[in-house]
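From first to last, the protein sequence lines stand for chains A and B.
The opening position of the first sequence corresponds to residue 1 in the working numbering, with each subsequent residue numbered one higher.
The opening position of the second sequence corresponds to residue 113 in the working numbering, with each subsequent residue numbered one higher.
Accuracy of the hints is not assured; some may be wrong.
[Unchecked claim] From the derived model, a few chain A residues whose C-beta atoms are all more than 10 angstroms from chain B:
# : residue
1 : THR7
2 : THR20
3 : GLY53
4 : ARG68
5 : GLY104
6 : ASN105
[Said to hold, decoys possible] Here are the computed distance ranges between Cβ atoms for each label pair:
#  : chain 1 : residue 1 : chain 2 : residue 2 : range
7  : B       : ASN153    : A       : MET27     : 15 to 25 angstroms
8  : A       : PRO83     : B       : SER140    : 48 to 58 angstroms
9  : B       : THR220    : A       : ARG77     : 20 to 30 angstroms
10 : B       : SER115    : A       : SER84     : 42 to 52 angstroms
11 : A       : MET19     : B       : THR132    : 34 to 44 angstroms
12 : A       : ARG95     : B       : GLU178    : 38 to 48 angstroms
13 : A       : THR5      : B       : ASN209    : 15 to 25 angstroms
14 : A       : THR5      : B       : ASN124    : 33 to 43 angstroms
15 : A       : ASP26     : B       : ASN153    : 15 to 25 angstroms
16 : A       : GLN22     : B       : ASN153    : 16 to 26 angstroms
17 : B       : ASN124    : A       : PRO61     : 44 to 54 angstroms
To be clear, the hints were calculated from the coordinates, so they are not data collected in a lab.
Beta carbons are placed, not taken as given, at the ideal position from N, Cα and C, and that holds for glycine.
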Amino acid sequence: NAGVTQTPKFQVLKTGQSMTLQCAQDMNHEYMSWYRQDPGMGLRLIHYSVGAGITDQGEVPNGYNVSRSTTEDFPLRLLSAAPSQTSVYFCASSRQYNSPLHFGNGTRLTVT
Amino acid sequence: AQSVAQPEDQVNVAEGNPLTVKCTYSVSGNPYLFWYVQYPNRGLQFLLKYITGDNLVKGSYGFEAEFNKSQTSFHLKKPSALVSDSALYFCAVRDSNDMRFGAGTRLTVKP
Chain A
1 NAGVTQTPKF
11 QVLKTGQSMT
21 LQCAQDMNHE
31 YMSWYRQDPG
41 MGLRLIHYSV
51 GAGITDQGEV
61 PNGYNVSRST
71 TEDFPLRLLS
81 AAPSQTSVYF
91 CASSRQYNSP
101 LHFGNGTRLT
111 VT
Chain B
113 AQSVAQPEDQ
123 VNVAEGNPLT
133 VKCTYSVSGN
143 PYLFWYVQYP
153 NRGLQFLLKY
163 ITGDNLVKGS
173 YGFEAEFNKS
183 QTSFHLKKPS
193 ALVSDSALYF
203 CAVRDSNDMR
213 FGAGTRLTVK
223 P
């Protein structure tokens, strides 16, 4: 019972580099989302998806892209990394609107 | 937009004592409120939720929360704290397709 799996666990990038954070869930959840966690700010929504082929922006979408080609996978792409994107990133999924979120264990990203 | 606030950055309690972690909310309409816990280097884990019905909600690991509409509060409680309860706790409210989180409260339970 894997739940929500995120890779990699850690990543260091140089300014301007691009990369993709992977997220997969095996619970057949329709809703998936990406959050970033910064000290003293809780979690902020970057992008979300309510089903395959459907994505939308959250509170802090600039500098990030997503796609949802399958129900299981929801990758997050950093187009041109900036030091302000240094953060811990969490992927989450839920069965429906008022269901609790299931979180992955996070990716700690440092941009130098 | 819906929002929650956690007025305390840090809560310290002695093992065996009752604990309370505070949360207030601001919503239009009926609130969908949640509590999550985060242990070091892990994602958040769901503890309990309030959708409708009984104002006292029971959740995982002996935690409960009291929904108070007149005070717009949803405080997390436990009758007897354990050292293993030490963690970061987040209150959250469902808002359209977003889950809005508070800034978090670090709970430390001392032996």
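Task: Cβ separation of THR5/A and ASN124/B, checked against the hinted range 33 to 43 angstroms - done: At roughly 35 angstroms between Cβ atoms, ASN124/B and THR5/A fall inside 33 to 43 angstroms, so the hint holds.
Task: Hint check for ASN153/B and ASP26/A - Cβ pair distance inside 15 to 25 angstroms - done: 22 angstroms, holds
TODO: Decide, holds or violated, for the assertion that all CB atoms of chain B are farther than 10 angstroms from the CB of THR7/A.
DONE: 13 angstroms, holds
Open item on the list: The hint says 16 to 26 angstroms between GLN22/A and ASN153/B; measuring C-beta to C-beta, is that right?
Closed with: With Cβ atoms ~18 angstroms apart, the hint holds.
Open item on the list: Taking 34 to 44 angstroms as the stated bounds, is the beta-carbon spacing between MET19/A and THR132/B within them?
Closed with: Since MET19/A and THR132/B have Cβ atoms about 42 angstroms apart, the given range 34 to 44 angstroms holds.
Task: 10 angstroms cut-off, C-beta based - THR20/A kept clear of every residue in chain B - done: 19 angstroms, holds
Open item on the list: Verify this label for me: ASN105/A is non-interface relative to chain B, using a Cβ-Cβ cutoff of 10 angstroms.
Closed with: 5 angstroms, violated
Task: 48 to 58 angstroms as the expected CB spacing between SER140/B and PRO83/A, which holds or is violated - done: Violated, since PRO83/A and SER140/B (Cβ atoms, about 37 angstroms apart) do not stay within the stated range.
Task: Consistency of beta-carbon spacing, GLU178/B to ARG95/A, with hint 38 to 48 angstroms - done: For ARG95/A and GLU178/B the Cβ distance comes to about 26 angstroms; the hint is violated.
Task: 15 to 25 angstroms as the expected CB spacing between MET27/A and ASN153/B, which holds or is violated - done: 22 angstroms, holds
Task: Assessment of proposed distance window 44 to 54 angstroms (beta carbons of ASN124/B, PRO61/A) - done: Given a distance of about 37 angstroms, which is not inside 44 to 54 angstroms, the answer is violated.
TODO: Determine whether the Cβ-Cβ distance between SER115/B and SER84/A falls within the hinted range of 42 to 52 angstroms.
DONE: 23 angstroms, violated
Checked against the numbered hints given earlier, this structure breaks hints 5, 6, 8, 9, 10, 12, 17; the rest are met.
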